[in-house]
Amino acid sequence: MSLRTRFESVLRVRTCDIPRWPAGSRSTCAPNTILAGLNYRKDQPPVLALPDEEYPTWLWSLLDPPALVDDGPGGKAEKVRLRKENRQRIRDQNFMKTQ
Numbered sequence: 001m002s003l004r005t006r007f008e009s010v011l012r013v014r015t016c017d018i019p020r021w022p023a024g025s026r027s028t029c030a031p032n033t034i035l036a037g038l039n040y041r042k043d044q045p046p047v048l049a050l051p052d053e054e055y056p057t058w059l060w061s062l063l064d065p066p067a068l069v070d071d072g073p074g075g076k077a078e079k080v081r082l083r084k085e086n087r088q089r090i091r092d093q094n095f096m097k098t099q
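Counting in the working numbering, the sequence shown runs from 1 upward without gaps.
Be aware that one or more of the hints could be misleading.
[Said to hold, decoys possible] Okay, the calculated beta carbon distance ranges per label pair:
(1) 72 / 97: 31 to 41 Å
(2) 65 / 38: 25 to 35 Å
(3) 46 / 69: 43 to 53 Å
These are computed hints drawn from the structure, not numbers from a lab. None of these values were measured; they are calculated from a predicted model. The beta-carbon is built from N, C-alpha and C at its ideal position, and this holds for glycine as well.
Model the full structure from these sequences, guided by the hints.
Here it is in structure tokens:
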């Protein structure tokens with residue numbers, strides 16, 4: 001058996017073992033997936049992923065970028081926008097120096 005056929009057979013087995021989760025789920029783990037590394041005691045049972053409905057609703061908005069309120073000239077939103085534009089301008093200038 002060649003290396004390629006062994007690799008293809010391993011790939012077929014691995015893709016069959018991956019648990020499937022329902023379409024439209026928010027989490028990256030299927031329900032009842034063992035989360036390795038979360039149980040730090042020897043006698044603790046393995047930690048399993050829960051279905052999306054059992055997690056609190058605020059959990060799904062933790063990684064969303066904060067919405068900045070436009071509070072006029074000199075406000076927080078304008079400072080963030082100007083800083084972003086300045087960084088991009090510096091990147092563009094540095095790139096042009098290398099050409």
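Evaluation of the provided hints:
1. The hint said 31 to 41 Å for the Cβ distance between residue 72 and residue 97, and at roughly 36 Å that hint holds.
2. A hinted range of 25 to 35 Å holds for the C-beta pair residue 65 and residue 38, which are about 27 Å apart.
3. Between residue 46 and residue 69 the Cβ separation comes to about 44 Å, which falls inside the hinted range of 43 to 53 Å.
The structure is consistent with each of the numbered hints, conforming to all of them.
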